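S.K.: Respectively, the protein sequence lines represent chains A, B and C. Going by my numbering, 55 is the number at position 55 of the first sequence; the sequence numbering is gapless. Going by my numbering, 217 is the number at position 217 of the second sequence; the sequence numbering is gapless. Going by my numbering, 138 is the number at position 138 of the third sequence; the sequence numbering is gapless.
Simulated from the structure, these hints should not be mistaken for laboratory data. Here the structure is a predicted model, which is why all the values come from computation and not from measurement. We treat Cβ as the ideally placed atom computed from N, Cα and C, and that holds for glycine. Any given hint might turn out to be false.
[As the list claims (entries may be wrong)] Label pairs and their computed distance ranges (CB to CB): (1) B:E19 x C:Q154: 37 to 45 angstroms; (2) C:K53 x B:L208: 54 to 62 angstroms; (3) B:G48 x C:N176: 31 to 39 angstroms; (4) A:E78 x C:R246: 41 to 49 angstroms; (5) C:D7 x B:S288: 48 to 56 angstroms; (6) B:S16 x C:R246: 45 to 53 angstroms; (7) A:E65 x C:Q154: 30 to 38 angstroms; (8) A:D54 x C:D209: 21 to 29 angstroms; (9) A:D54 x C:K249: 31 to 39 angstroms; (10) B:D166 x C:K23: 54 to 62 angstroms; (11) C:K355 x B:E55: 52 to 60 angstroms; (12) A:D60 x B:S288: 43 to 51 angstroms.
[Unchecked claim] The calculated DSS-like cross-link candidates involving lysine-lysine, where the alpha carbons are at most 25 angstroms apart (straight line), are: (13) B:K343 x C:K315; (14) A:K73 x C:K71; (15) C:K251 x C:K348; (16) C:K352 x C:K363; (17) A:K6 x C:K52.
[Unchecked claim] Here are some chain B residues the structure puts well away from chain C; computed CB gaps all over 12 angstroms: (18) E17; (19) A46; (20) K123; (21) C268; (22) T315; (23) P328.
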Amino acid sequence: MTNIEKYINTFVEGLGIKEEQVEGLEYQAIMEWDSVGHMSLITAIENTFGIMMDVDDIIDFSSYEKGKEILSKNYHIEF
Amino acid sequence: MIENFHKLPLYSLKKSEKEQLLLEELNQLTEMHRIKCVEYAHYLEAIGYTQSQAETLEEIPFVPIRIFKELEMKSIPEKDVFKVMMSSGTSAQIQSKIYLNKENAILQQKVLLRILGDFVGSKRLPMLVVDSHATISDRRLFTTRGGTIMGLDFMAKKMIFALNDDMTLNVDNLEEFANTYGKHKFLIFGFTFMVWKYLFDEIEKKKLKIDFSNGYLLTAGGWKKLKNEAVSNKDFKKRGEKVCGIRHYIDHYGMAEQTGCIYAECECGHLHASIYSDIIVRRYRDFSPCEYGERGFIQLLSSLPHSYPGHSILTEDEGIILGEDDCPCGRKGKYIQILGRIKNAEIRGCSDTYATSF
Amino acid sequence: MQQVFNDIRYLVGNKEILEQMEKTQVLPLFSEKALNFLDCLSRRLMCSNKAKKYPDVIAYAFWIRRASLEKISMQYKTKDQKLGRGIAFQIAPSNIPVQFAVSMTYALTAGNASIIRISDKEFEQVDIICEGIRSILCDTYPEMASYICVIRYQHNDKITQSLTDLCDIRMIWGGNHTIAAIRKATINARCIDLGFADRYSIAVINADDYLEEDAVLLANDFYNDTYFSDQNACSSPRLVIWIGNRISKAKELFWDTLGDIVSRKYLMESICSSEKLLKTAICAAKHPGIREIKKDNLLVRIELPSLYDDIMDFKGNCGYFFECSIDNLQDIIPIMKKNCQTITYIGKIEEKLRKIINDNGVKGVDRIVPVGHAADIAFVWDGLDLPNILSRQIGNS
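With the rest of the complex left out, here is chain A (with noise of 0.2 angstroms):
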């Protein structure tokens, strides 16, 4: 599985959401990613990439976008 993979599939078992529903998704913007999935995401996303991240980038992690963009600059992870 490619970064990018991993990443998309962090969302759909993270959040219980549907793949297509991934992409330029906003936190707050669907019911799943509320303050509660949002704990359940970040939980997804440190297992499958092996990482353990600072509170700071846990708070900024806003969007499927900003996501991508604070693992890559903070956490050397290509997509």
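Given the structure of chain A, go ahead and fit chains B and C onto it with the hints provided.
M.R.: Below, chains B and C alone, put in the same frame as chain A:
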């Protein structure tokens, strides 16, 4: 003036007439208590009631009923306190303290008798009290139970207590009463739960032959305890008729905080507000008045409380206004149904978590 | 062995484990064993559909995930010289369902075995977490079974005394009554006894800073700090203090935005309406001049003309807030008493608050966090650095 009320028949006024009379009286009471009771004045200020006149009964400010447990609410100087009425505090709860001067105590009694008289006639009758003599003999424990019984004193030609001090049935007293007075109209008074448990149960258990078919049973309160045993008002009457032949039942709703103004049950099973008092049912969410038929907090208005600011009280009982001016019994005014005490919120604070649950 | 233990019911563990717990070895601070176990529990809860209904369970699961615990453990530089003390007997509070698990996590990460007494009040959150722990102890980490007993028992001084006799640390969560009741059981000479008593918390808002930020996000944060726990958690603010130039504008926006969320989301027991009114009556008798402001009973504010230092004696819950405007941050010193736990804030005022506390030797305030973080779970709680306190350090020259 309250004297105006005494001249009028109890259930004679239509909505508009009653509101006008009551509004004027209650507005005067609000102003008087504001001047004479400093706690009340501070309360009105806190809730933003600055006007001197309410335009409608709904606008009259109300105090939460437990204020009488927490604060000394009185509008008379200490030296004029004639009697302090305490609510029948269950368990270890703090009791309400209602401060009465002599005039107010007499007024309460007068109105209570007037209202009951409307249901059982104004002639004084022998009365069987389903309680023990001890309830009224210890004046320091002057509770609603004792208070209510004492209030009925004037009503009774003779008062006989059906229970011994240990709450067992005094069979001798009971049989003697039935034999002596049973052939003519008489009264039985008791708290609903006590009548059920200490009179009906015992008569049945002891297989006593008692004829109370000429009795008028006045009951008060205690439906909550019976509800736990799933006893309805109907069951209660059915059983009373079966075990001792009682045919006339007058339940009533009232509280120590507004003694005198009782809401008595008519032949149709409805509790009625007299001209001295009124009921508003309010929504939990914002205290706005409910529609008829909608359940909510019961607010009680009474023209009687002069020595303490209790003329408008928000209770923690739930009820429904069934209708107004149109009860088939012919009485004017609102008639209501009481649904019982609002479920107590659980204590969920940081404190007390253990003491209550462990 | 001990007859009195027969009256104990076990949600996790059993009588044998309890009786043998004295023989259980202590673990190092933030041991791999403890972290593996907790991470496994985290994953299990995160995946559980039942748990997803409960934000508090998910928040707990999020807190005990490996990444979070490892990061915290890195702050403890001397952790290799630290080990647990033995058995931690914990009395969990009955008002916060997941607190028993939080308490267990403190004890376990510090290297101790846990006996946790939970209240009789049924919470599905408790069942979900206990079920998770049980299945992990059974399938994945049976070697951790000797470290955990979660129990219930009716009020019984003998059981409390016997468990206290066993323990090296006693942690009592609950109000002052609870602590006093449990402390009738005497501890061993070297036992550490921690009481997490009733506290109160406040919020401080800089109106000008607030007006620059997203009102809806902040209102949601404030909602989570307060309404989510019916404003009953010790860390839930009961008093809101305003400072700045545009206070009236900020107040209006803040309460209106919060009110919208509250009327959409919050379910209040009807009795609370009259309880709030009663609080106002009692407070007004003592402090004439207070003013009640409300649109409905879900959100009741009491405006204080000045900051009374006993105002917390009148505190309410389920959406009952005192508020007061001040000219100078120094003005809040009188209410930062020993019982004051958390200050949540909006605006650039954290440094100033810390300075005021330091400069004035203030005895209260154990925590200063941005709004939205009042209910966060943390290893430093009530001013206690729990990993250090619950473990022991092997000293050297």
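S.K.: Confirm or reject each hint.
M.R.: Verification of the supplied hints:
In this structure, E19 of chain B and Q154 of chain C break the distance hint of 37 to 45 angstroms, their C-beta atoms being roughly 55 angstroms apart. Between K53 of chain C and L208 of chain B the beta carbon distance is about 58 angstroms. The supplied range of 54 to 62 angstroms therefore holds. For the hinted restraint 31 to 39 angstroms between G48 of chain B and N176 of chain C, the CB-CB distance of approximately 35 angstroms keeps it satisfied. Between E78 of chain A and R246 of chain C the CB atoms are about 47 angstroms apart, so this pair conforms to the stated range of 41 to 49 angstroms.
Remark: the range hint 48 to 56 angstroms for D7 of chain C to S288 of chain B is upheld by a beta-carbon distance near 51 angstroms. Take S16 of chain B and R246 of chain C: their Cβ atoms lie about 49 angstroms apart, and the range 45 to 53 angstroms holds. Our hint of 30 to 38 angstroms for E65 of chain A and Q154 of chain C is violated, since their Cβ atoms are close to 56 angstroms apart. Judged by the Cβ atoms, the range 21 to 29 angstroms given for D54 of chain A and D209 of chain C holds: they are separated by roughly 24 angstroms.
Checked against the hint of 31 to 39 angstroms, the C-beta distance between D54 of chain A and K249 of chain C comes to roughly 35 angstroms, which is consistent with it. Range check, D166 of chain B to K23 of chain C: Cβ separation about 57 angstroms, and the 54 to 62 angstroms hint holds. Evaluation of the 52 to 60 angstroms hint for K355 of chain C and E55 of chain B yields a pass: the beta carbon distance comes to about 54 angstroms. In this structure the hint that D60 of chain A and S288 of chain B lie 43 to 51 angstroms apart at CB holds, the actual value being about 44 angstroms.
Taking the CA atoms of K343 of chain B and K315 of chain C, the gap is near 21 angstroms; set against the 25 angstroms cutoff, the hint holds. A hinted pair counts as satisfied when its Cα atoms are at most 25 angstroms apart, and K73 of chain A with K71 of chain C qualifies at roughly 20 angstroms. Simply put, K251 of chain C and K348 of chain C have alpha-carbon atoms about 17 angstroms apart, close enough for the 25 angstroms limit, and the pair holds. Distance check on the hinted pair: K352 of chain C and K363 of chain C sit about 16 angstroms apart at the alpha-carbon level, within 25 angstroms; holds.
Between K6 of chain A and K52 of chain C the alpha-carbon distance is near 22 angstroms, which keeps this suggested pair within the 25 angstroms criterion. Here E17 of chain B stays apart from chain C, with its beta-carbon at least about 31 angstroms from theirs, past the 12 angstroms limit. With 12 angstroms as the threshold on Cβ separation, the claim that A46 of chain B sits away from chain C is violated: the shortest Cβ distance comes to roughly 4 angstroms. Its beta-carbon lying about 41 angstroms from the closest one in chain C, K123 of chain B satisfies the requirement of being farther than 12 angstroms from that chain.
Residue placement check: C268 of chain B keeps its beta carbon more than 12 angstroms from all beta carbons of chain C (closest about 29 angstroms). Not every C-beta of chain C lies more than 12 angstroms from that of T315 of chain B, the closest at about 8 angstroms, which undercuts listing it as non-interface. Separation of P328 of chain B from chain C is adequate, the least Cβ-Cβ distance of about 32 angstroms exceeding the 12 angstroms criterion.
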